[in-house]
Amino acid sequence: MKIYTKTGDKGDTSLIYGARVPKNHPRVEAYGTLDEANAAIGTAVSLLTAENESFIKSLQRVQTLLFHAGSELATPADKEVHWKLTPQHTEMLEKEVDQWAAELPALKQFILPGGCPSAAALHQARTIVRRAERLIVSFETEVRTEEVLRFVNRLSDYLFTAARYANLLHDTDEVLLAPDI
Amino acid sequence: MKIYTKTGDKGDTSLIYGARVPKNHPRVEAYGTLDEANAAIGTAVSLLTAENESFIKSLQRVQTLLFHAGSELATPADKEVHWKLTPQHTEMLEKEVDQWAAELPALKQFILPGGCPSAAALHQARTIVRRAERLIVSFETEVRTEEVLRFVNRLSDYLFTAARYANLLHDTDEVLLAPDI
Amino acid sequence: MKIYTKTGDKGDTSLIYGARVPKNHPRVEAYGTLDEANAAIGTAVSLLTAENESFIKSLQRVQTLLFHAGSELATPADKEVHWKLTPQHTEMLEKEVDQWAAELPALKQFILPGGCPSAAALHQARTIVRRAERLIVSFETEVRTEEVLRFVNRLSDYLFTAARYANLLHDTDEVLLAPDI
Ligand code: B12
Ligand code: B12
Ligand code: B12
Ligand SMILES: C[C@H]1O[C@@H](n2cnc3c(N)ncnc32)[C@H](O)[C@@H]1O
Ligand SMILES: C[C@H]1O[C@@H](n2cnc3c(N)ncnc32)[C@H](O)[C@@H]1O
Ligand SMILES: C[C@H]1O[C@@H](n2cnc3c(N)ncnc32)[C@H](O)[C@@H]1O
Ligand SMILES: [Mg+2]
Ligand SMILES: [Mg+2]
Ligand SMILES: [Mg+2]
Numbered sequence: 001m002k003i004y005t006k007t008g009d010k011g012d013t014s015l016i017y018g019a020r021v022p023k024n025h026p027r028v029e030a031y032g033t034l035d036e037a038n039a040a041i042g043t044a045v046s047l048l049t050a051e052n053e054s055f056i057k058s059l060q061r062v063q064t065l066l067f068h069a070g071s072e073l074a075t076p077a078d079k080e081v082h083w084k085l086t087p088q089h090t091e092m093l094e095k096e097v098d099q100w101a102a103e104l105p106a107l108k109q110f111i112l113p114g115g116c117p118s119a120a121a122l123h124q125a126r127t128i129v130r131r132a133e134r135l136i137v138s139f140e141t142e143v144r145t146e147e148v149l150r151f152v153n154r155l156s157d158y159l160f161t162a163a164r165y166a167n168l169l170h171d172t173d174e175v176l177l178a179p180d181i
Numbered sequence: 001m002k003i004y005t006k007t008g009d010k011g012d013t014s015l016i017y018g019a020r021v022p023k024n025h026p027r028v029e030a031y032g033t034l035d036e037a038n039a040a041i042g043t044a045v046s047l048l049t050a051e052n053e054s055f056i057k058s059l060q061r062v063q064t065l066l067f068h069a070g071s072e073l074a075t076p077a078d079k080e081v082h083w084k085l086t087p088q089h090t091e092m093l094e095k096e097v098d099q100w101a102a103e104l105p106a107l108k109q110f111i112l113p114g115g116c117p118s119a120a121a122l123h124q125a126r127t128i129v130r131r132a133e134r135l136i137v138s139f140e141t142e143v144r145t146e147e148v149l150r151f152v153n154r155l156s157d158y159l160f161t162a163a164r165y166a167n168l169l170h171d172t173d174e175v176l177l178a179p180d181i
Numbered sequence: 001m002k003i004y005t006k007t008g009d010k011g012d013t014s015l016i017y018g019a020r021v022p023k024n025h026p027r028v029e030a031y032g033t034l035d036e037a038n039a040a041i042g043t044a045v046s047l048l049t050a051e052n053e054s055f056i057k058s059l060q061r062v063q064t065l066l067f068h069a070g071s072e073l074a075t076p077a078d079k080e081v082h083w084k085l086t087p088q089h090t091e092m093l094e095k096e097v098d099q100w101a102a103e104l105p106a107l108k109q110f111i112l113p114g115g116c117p118s119a120a121a122l123h124q125a126r127t128i129v130r131r132a133e134r135l136i137v138s139f140e141t142e143v144r145t146e147e148v149l150r151f152v153n154r155l156s157d158y159l160f161t162a163a164r165y166a167n168l169l170h171d172t173d174e175v176l177l178a179p180d181i
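Chains as they are written, first to last, in the UniProt record's numbering: chain A, 1 to 181; chain B, 1 to 181; chain C, 1 to 181.
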């Protein structure tokens with residue numbers, strides 16, 4: 001089967017279970033943006049090396065969970081979701097944040113996004129996840145996907161801390177915001 | 001002539017032929033987002049080396065065609081388009097997808113976006129092109145730019161396959177989605 | 001204090017001075033997108049080396065000023081802004097553009113976004129800043145933040161010229177658009 005099916009050439013596409021919707025449907029906007037965040041995490045992973053194995057594993061688990069989130073968003077409200085996020089998935093993020101935070105200095109100021117290339121990519125992923133969160137919120141008025149919203153909120157804090165941790169792994173100094181320039 | 005003209009400081013700008021519109025006009029949103037996708041392809045190209053010459057040429061041809069698409073979107077509906085996309089441009093994308101696909105294993109599952117840095121960048125470009133497609137769809141209710149829509153739909157499949165091909169060129173394994181983690 | 005406060009799990013958040021708003025509020029969209037542009041600049045900086053010290057300093061000053069812009073957008077219209085952008089900040093951008101432009105060949109054609117990796121990242125930042133500008137424009141109908149709009153308009157020209165300058169620093173040829181392919 002070819003990758004291009006041409007069925008979407010007129011601007012509509014299908015959700016899981018097959019309902020046709022325009023490509024700018026709020027659900028498509030939301031999972032499309034999670035796909036974009038997923039790709040940004042992929043860039044971060046591509047910049048890490050084998051020594052960072054457990055860190056890579058953690059990020060790839062998140063990439064997988066973004067497909068779960070996407071699957072939930074791509075399923076019409078009245079149908080069963082195949083891959084559902086649970087509170088345990090969000091707690092998993094929290095546990096990792098706590099572990100990394102224990103090795104990092106406490107923050108009392110913003111930091112300039114950046115550092116080593118993988119940290120910079122994680123900051124980009126963080127801001128794209130937050131963009132997806134804003135889209136899900138607008139769409140939330142329509143139907144509840146509460147756990148996706150919690151997961152995505154926690155994910156941006158996970159990615160912020162992951163960026164800091166990537167800099168620690170690569171001995172790169174953080175640059176704190178110095179507002180008076 | 002200076003690059004900054006200050007004429008847009010109040011929030012409006014001009015289309016081709018000079019009509020003034022606010023910067024958040026649907027047409028400006030659409031070609032502005034294709035510009036963003038173009039920049040992401042530029043990142044992918046920047047990560048390839050001279051050995052990948054024909055692959056680079058293909059991506060730069062796509063960058064050029066994104067200016068054609070932009071030009072069409074920036075032209076008011078009642079005026080002649082200078083650089084018009086034709087069905088042949090879309091077919092060109094299809095031919096390249098077919099050629100790359102012939103060298104790649106068949107897929108029966110999603111893949112985690114990423115791999116080598118250039119493949120990761122191509123996945124990012126893919127998701128931005130899809131964002132542009134969603135914007136063009138909303139704007140399509142206003143006026144027809146049918147070939148642009150077909151081209152952009154095919155382009156995300158081209159970029160997906162290009163990402164896979166970049167990994168093949170760089171001997172990087174694809175990571176298939178393993179939903180049960 | 002933990003980085004994750006869980007207070008935003010239901011989809012609302014707070015502006016400076018504490019007013020609660022939904023996360024898809026136009027102000028949050030605007031400063032969230034400037035945060036995304038900031039992260040893209042962080043990627044560009046991460047790809048530069050110590051020899052480019054004064055160039056890095058310039059980009060980090062811009063990152064800092066994006067926090068000023070964000071602070072202004074995050075402050076309700078009837079409250080005092082803590083970190084305010086002034087016309088001098090916009091003029092600072094203009095002065096740097098003029099200095100770089102003096103070393104660069106004049107342009108009479110578009111260029112394909114890309115070049116060395118840092119230049120490519122600067123083009124990505126440029127297009128994200130322009131996306132933020134489009135969001136601020138929509139929101140401008142609601143309340144005036146005139147200097148932010150001027151700053152952001154100039155910033156995309158600064159980033160365009162910075163991308164060209166990064167290529168000059170790294171001896172990378174610019175690729176001019178050749179529309180007839
Ligand atoms: C939602 C969705 C997405 C979401 C992701 C899914 C998620 N859960 O978040 C997003 C937006 C990320 C996405 C992206 C893409 N998708 Co999609 N997607 C779908 C959709 C609507 C549902 C899939 C799903 O989640 N099913 C739920 C699971 C539980 O059910 P399932 O049926 O067992 O699903 C499996 C298969 O669909 C499968 N699969 C089987 N064959 C193939 C072949 C290919 C090429 C791919 C990528 C997947 C795939 O993977 C799923 C997981 O086990 C289907 C169409 C449909 N209505 O089924 C298209 C579909 C699977 N997608 C398709 C394509 C082409 C893509 C993209 C390549 C598009 C692009 N150019 O970017 C990318 C690939 C991304 C990647 N990283 O691999 C095509 C595949 C066509 C083919 N050749 O077989 C489909 C069939 C749509 C179509 N055009 O008809 N997609
Ligand atoms: C649409 C458009 C875009 C689209 C791209 C075009 C497309 N087809 O997709 C996008 C959004 C990508 C874009 C981006 C930019 N643009 Co523009 N764009 C235009 C616009 C509205 C039409 C251009 C067009 O496509 N014409 C159709 C062709 C067939 O006609 P043409 O007249 O022969 O067009 C040629 C010239 O405009 C030319 N050109 C001549 N001198 C210069 C100088 C510069 C610096 C550039 C970049 C181009 C350029 O390139 C065209 C191709 O041959 C013009 C304004 C206008 N109304 O003409 C501005 C314009 C060309 N852009 C301008 C600028 C500054 C830019 C950016 C630098 C803005 C930024 N900071 O990001 C970037 C540069 C991107 C790049 N990669 O080089 C300025 C150039 C000012 C100058 N110094 O000469 C113009 C004149 C607008 C203005 N401010 O008055 N743009
Ligand atoms: C606007 C805003 C942003 C803007 C940036 C600010 C700007 N000016 O553009 C954006 C969207 C970029 C942002 C991002 C983040 N923010 Co914020 N932000 C705010 C907000 C609403 C106002 C901050 C501000 O500008 N104050 C104006 C200055 C003049 O007043 P100030 O009170 O002295 O502000 C200082 C402190 O807030 C401070 N600070 C003190 N302790 C901490 C701790 C942390 C972890 C951070 C990041 C900052 C920080 O830095 C400010 C500068 O001096 C506050 C909540 C609030 N209502 O105060 C949250 C707040 C500071 N942010 C918070 C967080 C968690 C983040 C992010 C990590 C979220 C994420 N996952 O992406 C990122 C970090 C980005 C970075 N690069 O460091 C948390 C910090 C919680 C904590 N542990 O202390 C707060 C308190 C919100 C909350 N959850 O309650 N934010
Ligand atoms: C750190 C600050 O970022 C803002 N905030 C919270 N969620 C988002 C989001 N999804 N996108 C952009 N900004 C957000 C709030 O103002 C918060 O206090
Ligand atoms: C692979 C799946 O991606 C979705 N899809 C199709 N086009 C877009 C787009 N522009 N943006 C986001 N998602 C899209 C459809 O649901 C399709 O089946
Ligand atoms: C160079 C051209 O880019 C367009 N333009 C001006 N501002 C923006 C923006 N924020 N986003 C996208 N396009 C823009 C105008 O059409 C201008 O002429
Ligand atoms: Mg949050
Ligand atoms: Mg498609
Ligand atoms: Mg401008």
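There could be a bad hint or two in this list.
A pair counts as met if it fits within one copy or between any two copies, since identical chains are not told apart.
[Unchecked claim] DSS-like cross-link-like pairs, simulated, lysine-lysine; straight-line CA separation at most 30 Å:
1. Lys2 x Lys108
2. Lys95 x Lys2
3. Lys79 x Lys10
4. Lys2 x Lys84
5. Lys84 x Lys95
6. Lys84 x Lys57
7. Lys2 x Lys79
8. Lys108 x Lys95
The hints are simulated quantities; they were obtained by calculation from the structure and are not laboratory data.
Right, here's what the structure says about each hint:
no.: 1; hint: Lys2 x Lys108; in the structure: between (53 Å within a copy, 12 Å between copies)
no.: 2; hint: Lys95 x Lys2; in the structure: between (42 Å within a copy, 12 Å between copies)
no.: 3; hint: Lys79 x Lys10; in the structure: both (26 Å within a copy, 23 Å between copies)
no.: 4; hint: Lys2 x Lys84; in the structure: both (29 Å within a copy, 27 Å between copies)
no.: 5; hint: Lys84 x Lys95; in the structure: within (20 Å within a copy, 38 Å between copies)
no.: 6; hint: Lys84 x Lys57; in the structure: within (21 Å within a copy, 42 Å between copies)
no.: 7; hint: Lys2 x Lys79; in the structure: within (28 Å within a copy, 37 Å between copies)
no.: 8; hint: Lys108 x Lys95; in the structure: within (22 Å within a copy, 33 Å between copies)
Figure legend: structure checked against the earlier numbered hints; every hint is met.
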